[in-house]
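Trainee: Once you've looked at the hints, dock chain L against the given chain G.
In case you want the letters, here they are:
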Amino acid sequence: MSMDTSLTTRAHEENWLPILELAVEEVFEIMLGCRIKPADKDQPVANQEFTAMVGLAGELCGIITFSCMRATAREVAIRMLGPEIADSPEQTSDALGEICNMIAGNFKNKLSGTDGKCMLSVPTVIEGAEYSFRSMAEGESIETVMIFEGSPISVNLQLHS
Amino acid sequence: MENVLIVDDSSVMRKIVERSLRQAGLDLKKVVEAGNGVEALSALANEHVDLILCDINMPVMDGLEFVRQLSTVENAKGVPVVMITTEGSENHVVQALSAGAKGYIRKPFTPDQVKEHVLPLVGKKS
Chain G
1 MSMDTSLTTR
11 AHEENWLPIL
21 ELAVEEVFEI
31 MLGCRIKPAD
41 KDQPVANQEF
51 TAMVGLAGEL
61 CGIITFSCMR
71 ATAREVAIRM
81 LGPEIADSPE
91 QTSDALGEIC
101 NMIAGNFKNK
111 LSGTDGKCML
121 SVPTVIEGAE
131 YSFRSMAEGE
141 SIETVMIFEG
151 SPISVNLQLH
161 S
Chain L
1 MENVLIVDDS
11 SVMRKIVERS
21 LRQAGLDLKK
31 VVEAGNGVEA
41 LSALANEHVD
51 LILCDINMPV
61 MDGLEFVRQL
71 STVENAKGVP
81 VVMITTEGSE
91 NHVVQALSAG
101 AKGYIRKPFT
111 PDQVKEHVLP
121 LVGKKS
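Note that the protein sequences, when read in sequence, are chains G and L.
Its first residue numbered 1, the first sequence is counted upward by one per residue in the numbering used here.
Its first residue numbered 1, the second sequence is counted upward by one per residue in the numbering used here.
With the rest of the complex left out, here is chain G (with noise of 0.2 Å):
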């Protein structure tokens, strides 16, 4: 596939929707050892506690979040680490960092023709729903809702234009 379409119109016209979802899919049965699944189209999704973004710059930039609610989050971090270990807030974050890490890395790592050319940011984690989020990416953007352990997680991609 050439570089010389943009990313954001190749993600338009490629459909990276169902490589984002794979991606995420792959983090969740690898490093959790479960399988989840995209979520119906009239799943609800109530503001998320908590949200970890990576952001993506080079010839693909833009940023990835991930978000959930806070029970969640535990229990990602709880899968990742065990019972025993994940025990603090600060872990849970930091799993979900990694998680988010991870897809971003994966599904970078999906697209052919980003060899070398987009790098990605260390993890930042939001606590609490209630903010604002304003990406000054504005262009296209792929958005999918999983199910984990019966509970909507979101993940975005918004590619700056």
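Where hints are given, some of them may not hold.
To be verified - Simulated pairs of lysine to aspartate or glutamate, EDC-like, Cα-Cα distance not exceeding 20 Å:
1) L:102 - L:65
2) L:77 - L:50
3) G:117 - L:62
4) G:117 - L:65
5) G:117 - L:90
6) G:41 - G:21
FYI, nobody ran anything at the bench for these hints, they're computed from the structure.
Mentor: Positioned in the frame of chain G, the structure of chain L alone reads:
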């Protein structure tokens, strides 16, 4: 029994890497942790380790720069380094191996991948 240094800015990931090493069959005597390349270089001034596992994307000093500087550390001469990172591009692999890394594992990783890439470096069968 091995002493290992695990370098990653995520304490969660350091614990997961340690657990994966134990699952792979390594008998870990001591696990030294560092959150970035500078902390890792500082730790190596006082510790001798048999194996280093290192992330790439970290604040302060990234993993590639850490590996480049490792050749100047007397305590680390000949110690194998395995990168464990979300950066999966061939460009990153080439940079890491050129800098002196002996192995490269992409996150997310399975315990079998750790076994395959790490055990031969410490003289064990994978």
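Trainee: All hints are to be evaluated individually against the structure, with a verdict given for each.
Mentor: To see whether the hints hold, each was checked on the structure:
no.: 1; hint: L:102 - L:65; in the structure: holds, 15 Å
no.: 2; hint: L:77 - L:50; in the structure: holds, 10 Å
no.: 3; hint: G:117 - L:62; in the structure: holds, 17 Å
no.: 4; hint: G:117 - L:65; in the structure: holds, 19 Å
no.: 5; hint: G:117 - L:90; in the structure: holds, 11 Å
no.: 6; hint: G:41 - G:21; in the structure: holds, 14 Å
Going down the numbered hints, you'll see the structure goes against none, and every one checks out.
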